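K.L.:
Chains as they are written, first to last, in the working numbering: chain A, 96 to 486; chain B, 96 to 486.
Keep in mind that the hints were calculated from the coordinates and are not lab data. Keep in mind that this is a model prediction, so the values were computed, not measured. Please note that a few of the clues may not be correct.
Partial pick of chain B residues on the chain A-facing surface, computed with a CB cut under 10 Å [stated by the list, open to error]:
| no. | residue |
| --- | --- |
| 1 | Ser108 |
| 2 | Arg263 |
| 3 | Gly281 |
| 4 | Ala284 |
| 5 | Ala287 |
| 6 | Ala350 |
| 7 | Leu363 |
| 8 | Pro379 |
| 9 | Ala383 |
Idealized CB from N, CA, C, for every residue including glycine.
There are 2 protein chains.
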Amino acid sequence: MSLSGFQWAARVSQIAPFHVMQLLARARQLQAEGRDVIHMEVGEPDFPTAAPVIQAGQDALAKGLTQYTPAAGLPELREAIAGHYQTAYGVDIDPGRIIVTPGASGALLLIAALLVNPGDKVMMADPTYPCNRNFMRLFEGEPQLIPVGADSEYQLNVGHIEQHWDDRTRAAMLATPSNPTGTLVGKEALQAISQAVSARNGALIADEIYQGLTYGVNAMTALSVNDEAFVINSFSKYFGMTGWRLGWLVAPDNAVSELDKLAQNVFLSAPTPSQYAALAAFQPETIAILEERRAEFARRRDFLLPALRELGMSVPVTPEGAFYIYAGVDHLTDDSYQWCQDLLEQEFVATTPGLDFGLNGARKTVRFAYATDIEQLEQAVERIARFIRQS
Amino acid sequence: MSLSGFQWAARVSQIAPFHVMQLLARARQLQAEGRDVIHMEVGEPDFPTAAPVIQAGQDALAKGLTQYTPAAGLPELREAIAGHYQTAYGVDIDPGRIIVTPGASGALLLIAALLVNPGDKVMMADPTYPCNRNFMRLFEGEPQLIPVGADSEYQLNVGHIEQHWDDRTRAAMLATPSNPTGTLVGKEALQAISQAVSARNGALIADEIYQGLTYGVNAMTALSVNDEAFVINSFSKYFGMTGWRLGWLVAPDNAVSELDKLAQNVFLSAPTPSQYAALAAFQPETIAILEERRAEFARRRDFLLPALRELGMSVPVTPEGAFYIYAGVDHLTDDSYQWCQDLLEQEFVATTPGLDFGLNGARKTVRFAYATDIEQLEQAVERIARFIRQS
Ligand SMILES: Cc1ncc(COP(=O)(O)O)c(C=O)c1O
Ligand SMILES: Cc1ncc(COP(=O)(O)O)c(C=O)c1O
Numbered sequence: 096m097s098l099s100g101f102q103w104a105a106r107v108s109q110i111a112p113f114h115v116m117q118l119l120a121r122a123r124q125l126q127a128e129g130r131d132v133i134h135m136e137v138g139e140p141d142f143p144t145a146a147p148v149i150q151a152g153q154d155a156l157a158k159g160l161t162q163y164t165p166a167a168g169l170p171e172l173r174e175a176i177a178g179h180y181q182t183a184y185g186v187d188i189d190p191g192r193i194i195v196t197p198g199a200s201g202a203l204l205l206i207a208a209l210l211v212n213p214g215d216k217v218m219m220a221d222p223t224y225p226c227n228r229n230f231m232r233l234f235e236g237e238p239q240l241i242p243v244g245a246d247s248e249y250q251l252n253v254g255h256i257e258q259h260w261d262d263r264t265r266a267a268m269l270a271t272p273s274n275p276t277g278t279l280v281g282k283e284a285l286q287a288i289s290q291a292v293s294a295r296n297g298a299l300i301a302d303e304i305y306q307g308l309t310y311g312v313n314a315m316t317a318l319s320v321n322d323e324a325f326v327i328n329s330f331s332k333y334f335g336m337t338g339w340r341l342g343w344l345v346a347p348d349n350a351v352s353e354l355d356k357l358a359q360n361v362f363l364s365a366p367t368p369s370q371y372a373a374l375a376a377f378q379p380e381t382i383a384i385l386e387e388r389r390a391e392f393a394r395r396r397d398f399l400l401p402a403l404r405e406l407g408m409s410v411p412v413t414p415e416g417a418f419y420i421y422a423g424v425d426h427l428t429d430d431s432y433q434w435c436q437d438l439l440e441q442e443f444v445a446t447t448p449g450l451d452f453g454l455n456g457a458r459k460t461v462r463f464a465y466a467t468d469i470e471q472l473e474q475a476v477e478r479i480a481r482f483i484r485q486s
Numbered sequence: 096m097s098l099s100g101f102q103w104a105a106r107v108s109q110i111a112p113f114h115v116m117q118l119l120a121r122a123r124q125l126q127a128e129g130r131d132v133i134h135m136e137v138g139e140p141d142f143p144t145a146a147p148v149i150q151a152g153q154d155a156l157a158k159g160l161t162q163y164t165p166a167a168g169l170p171e172l173r174e175a176i177a178g179h180y181q182t183a184y185g186v187d188i189d190p191g192r193i194i195v196t197p198g199a200s201g202a203l204l205l206i207a208a209l210l211v212n213p214g215d216k217v218m219m220a221d222p223t224y225p226c227n228r229n230f231m232r233l234f235e236g237e238p239q240l241i242p243v244g245a246d247s248e249y250q251l252n253v254g255h256i257e258q259h260w261d262d263r264t265r266a267a268m269l270a271t272p273s274n275p276t277g278t279l280v281g282k283e284a285l286q287a288i289s290q291a292v293s294a295r296n297g298a299l300i301a302d303e304i305y306q307g308l309t310y311g312v313n314a315m316t317a318l319s320v321n322d323e324a325f326v327i328n329s330f331s332k333y334f335g336m337t338g339w340r341l342g343w344l345v346a347p348d349n350a351v352s353e354l355d356k357l358a359q360n361v362f363l364s365a366p367t368p369s370q371y372a373a374l375a376a377f378q379p380e381t382i383a384i385l386e387e388r389r390a391e392f393a394r395r396r397d398f399l400l401p402a403l404r405e406l407g408m409s410v411p412v413t414p415e416g417a418f419y420i421y422a423g424v425d426h427l428t429d430d431s432y433q434w435c436q437d438l439l440e441q442e443f444v445a446t447t448p449g450l451d452f453g454l455n456g457a458r459k460t461v462r463f464a465y466a467t468d469i470e471q472l473e474q475a476v477e478r479i480a481r482f483i484r485q486s
């Protein structure tokens, strides 16, 4: 018996593997050989989950809270999230519009399934988080990639909507703060985009998974501008809960029952111990810990950004959020993937090549994550400097 | 601003809401009003997760093991699962072929994304677990529903493959033990089906999520017959870990890298604390607990099955697995959904109407779950008897 005559579904070949996976595999190999690899490729905080959240998770397990929850999540968690929007952003959200998901990934899956017919386009910036593109492809949709640069702070703006929206465009997707660029969409830009999208009967999707991780500015939410936006969020990044697989989405009223139905089919429910643990995420003592960490991320950015610029890399827009610096390296190479590989081989610094985020200038850019401590970052900068001198 | 001009993707309307959700909502309401509802609609074990697994989960949290794992799962868990196939079923599986997923649901998602092009058919029995149909629809595929009855033990057989397979059929999907019927596919039937599917260059998908929960017979795996089957499994049912959201799939060698790529995009990784906890699931002291529970499920079935038959319900094939009895109630009603509603209103017994499992005889059947203790089941039978007398 053999599956050799069998072809995978066509969508599979339209989803490219991430280049960083090769680098990661090689980094692990080098580490196994005893090399001291510095990880600037990672997309998750280096801090462990805050103690009160850990404690709440352990308590839930002790109580045997291990069965399925309703597909849309524990009612008390949906309320706690609504409370968070009130406290942190001053917006009123009906908890019934909040759907708890297995990571922001689960929210992206639901939204793509809900909005995208085969052939439909969803407009998004290039560069962007690669999974955002691929969720659209998963459902036979088309990511409508708009090359963006420093002039729009690496974000979509109203001009892009006006210029590129067409008959098949169904939605525009923003990510603020952005992965990989760390840039934000400001309130006025958001308002203009929101109006332009609504005027075209489109849906607005806002990926706010790095919300809270901003430096020198305060985070906002697209919900304060457009109450009918689809907003994606996560306990992964600001709340430091990546492995717990917990996120949420806020949807317009009339989408909730359909999203709930999809959730009942595609994931049944988000992890139960994680949901109980997350109830502790909004407590003042947890927030105090998270705010300290935010300050630490700010210090790292304030070290790394000038250091990379000093090495001649171009970072034309100061990244104000997430934990990434998206740097131009065209003075060093015209193949940044190769450059990343060489840097790893010679100096054991792992980074993510621009290619993973799109096509726009992708071979001239590298993403550096500062989700590692400042001593490591200092060492990394030294190593990169030496690597540049010796190439 | 309004989304009123916006239509959801077409697939959404092809996925019907579960009727049992209405019943469940009503059951909760009745409970809130102080009614003593007996739950025979539930699809999860009533036992809490076994103590050694809880302990392992707590230990993982204490150690701060809360970051993403590789998308395909912790290597040590993949090895433990491979070890389980060896110990329990005597089959050798390369751990590299095992992908850890957020529940069997995550595995179903990956498999559907990998195999199903728009318009492709996947053959499956009617009645069947409703999400299996809907995963295919999610990807614009078509569940090719084959009405099955007592003559094939409510399962697909080789005759169905030969008769119904057509140009657009890409795969056949079995579920053994089956939800809702509790029936199994025997080894010879499986061999015949497997050969017929392979001869047509199709893929064989086996949903084995109730594996281990068999009574009077031992479980087997499709892998012992077809090494290239796509096999879906879960920690939810036999291992009693529903809310932890953890399952796995075993795939043919040449599918692994594509599935890994899909997993990197659609869920990033299964929950980390759950994965560490599951390492304790295969330990002898855990298995001892699970085997006691299995014996308890057997006792319940042995009580409930004759009791329902005595009430005149038809259960022509003895269910040998899972924790469901799929009973014909056509002597009582020609609308089993209404019957379920009335039973709930009058006697506070919640059940699942046949309609949720397909179209084939669906209005003449009801699924009774015995995932509740025997005293409750005894009471339920009394109440149902009274309900029947009084209707
Ligand atoms: C922009 C963006 N969106 C979504 C995700 C998904 O995160 P999760 O599923 O852990 O919430 C990530 C993770 O790196 C991300 O960077
Ligand atoms: C036949 C069948 N397959 C798959 C699942 C999904 O279970 P889980 O995602 O919890 O592993 C269920 C749950 O009830 C089921 O009955």
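K.L.:
All hints are to be evaluated individually against the structure, with a verdict given for each.
P.N.:
Hint-by-hint comparison with the structure:
no., hint, verdict
1, Ser108, "holds (9 Å)"
2, Arg263, "violated (13 Å)"
3, Gly281, "violated (19 Å)"
4, Ala284, "violated (16 Å)"
5, Ala287, "violated (13 Å)"
6, Ala350, "holds (7 Å)"
7, Leu363, "holds (5 Å)"
8, Pro379, "violated (21 Å)"
9, Ala383, "violated (19 Å)"
Hints 2, 3, 4, 5, 8, 9 from the list above are not met by this structure, while the remaining hints are.
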